[in-house]
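Line by line, the protein sequences give chains A and B. The opening position of the first sequence corresponds to residue 670 in this note's numbering, with each subsequent residue numbered one higher. The opening position of the second sequence corresponds to residue 69 in this note's numbering, with each subsequent residue numbered one higher.
It is worth saying that the hints were derived from the structure and are not from the lab. Any given hint might turn out to be false.
[Unchecked claim] Incomplete in silico selection of chain B near chain A, CB under 10 angstroms: (1) Thr-128; (2) Ala-148; (3) Ala-219; (4) Tyr-222.
[Said to hold, decoys possible] Chain B stretches covered by chain A per the calculated footprint, using a threshold of three residues with CB under 8 angstroms from any CB of chain A: (5) 149-155; (6) 305-317.
Ideal Cβ positions, reconstructed from N, Cα and C, are used throughout, including at glycine.
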Amino acid sequence: MSDRIAVLDGVTKSYGSAEALHPTDLEFGSGVIGLLGPNGAGKSTMLRLLATAMPPTAGRIVVGGHEVTGSVSERTAARRRLSYLPQEVGIPRRMTTFAFLDYIAVLKEWKDREARHREVIRVLGLVNLEDRRTKRVSALSGGQRRRLALAQALMGDPDLIILDEPTTGLDPEQRASLRGILSSYSERGSVLLATHQTEDVSALCDRVIILDEGRIRFDGTVPDLVALADGQVWVGAEANSGALSSWRTGNGEIRSLGGVPAPGSRLADPAVEDAYLLVRNTTDADTSAAGSTGAGASRIGEGR
Amino acid sequence: MATGWHLSPELLGRYAAGTLDLGPQAAVEAHIIVCPDCLGLASAAAPRDTLDQVWQGVVTATARPTMPWPLRFLQRLGLAETDAVILRASSSLYRPWLLSVVGAFVFGVAGSMLPAAEQRAFYLLIAPLLPAITVAAAYDSTDPIRELAVATPYSKLRIALLRTVFAVAVALPVVLVGGLVLPFVGAEAFAWLLPALTLTLLALTLLTWWTATAAAGTVAAVWLLVVVLLRTADQLAAVDTPVAQLAFATAALLALAVLTIRITSYHAPGGYT
């Protein structure tokens, strides 16, 4: 497996005059990569571009060694190497779960009927919907529909799995199960997931990218991200003055991020969420010592 | 039900290995149905892989949805199983079926009620439009799976053609039969075929930019204008002249060229990229 499963090279995306993604260079190797950012940060835009769901305004995208932005045959070859779960999937309500997955499997070029149906049953089992295989989509709960949409992304053996908020609507057990499935995929390919759940990132991701207003604000490992908040998280009876954020925790203490430590407060171990909030509220230029792009590089700043 | 004897280990072993002749095999199966002890022993002796395979087959067979009869019929005529799955999933195809049936009804009734002088103009207006609008209706611009489908390698052109052929297969016989049996249709009975092809290709090309409603509406407006102008000038018969038919053929080729360019540059009918 090549280290460079997917590449964005000077990629931009504009909707009219609004620039959703500023010029971006990224490389994705094997492992689970988390994409964090507020709503409208450009996460879904980046995922849709990589999934070939729309063309970039400028730049070059390569998936599995095939140039998405090249010819139709190159784009088709790239599509054979990826799986995609959009943020919203409106599955026709009259379809059964089996028929839906059967259809997507045909679109993914599973031609042999027996092998295709075995794959459908396999992924239904992965998302714990085996006993719903003959049910119509209209009879499924919201969480079950989300798991059904997820099942189609787990078909086959793609190099790149692109998931837009995969854990939305899943209960804690299902999320834990999904983490197990994704981590096993990550040993042979790249899993790129956009999420608002910082606990998913800390539990699962080898690498995290923070996007804000179409620009990369951080790119590095989870420990690197957390280290940014070292010495900035305080707990005590009162909030720090000038804190970026503060809230009362379950044990009644106030947790503050940044600011002047309140009397009697003590330093606490930072979490991904603390570092994420810090990055979001930092307007400094690049403070990272590491290189510009690629797994292992870590940076905080305004992108290009 | 209790039985007075049980299967020997040797017989069980041969049964589990699948080496018994048909007669003894049937006898063993008749026995294990009524003898829980031997049933347990036979289950334990059966190869796990074979049992899993059989169970997997049962699970798949019971979950597999049946094909609607028109698709089963088409499969007998040679339609590939994967193409049938694509058509089965195209829920928007129900709309063109309905449109064609309603269109044929309105076509016949309204045509008969018109004054004789307007009947030819009416036929010329509706006949080429019905296939074009039926094709446009086969594309639901709000296809909920589009975002998913677009990222798959399956040819979007093939999906477009499958839907088009299916829709035309429904619409064309309706208009043909109408042209042959309706009393008010005269010499123009087949003059509409090339305009129909042109308008269908135009609708498909517009579908690479617009929604199904906008594409069908535009095609209908353009054709209405042509027919009204011809009727006003009392030149309806001009449609059937070689020059006009050549012009329609040229327009059809042009639309086909634009459609091909659109499909190879990220845009296919129905908004697929």
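A quick look at each hint next to the structure:
no.: 1; hint: Thr-128; result: holds (5 angstroms)
no.: 2; hint: Ala-148; result: holds (9 angstroms)
no.: 3; hint: Ala-219; result: holds (4 angstroms)
no.: 4; hint: Tyr-222; result: holds (4 angstroms)
no.: 5; hint: 149-155; result: holds (count 4)
no.: 6; hint: 305-317; result: violated (count 0)
Hint violations for this structure: number 6 only, all remaining hints satisfied.
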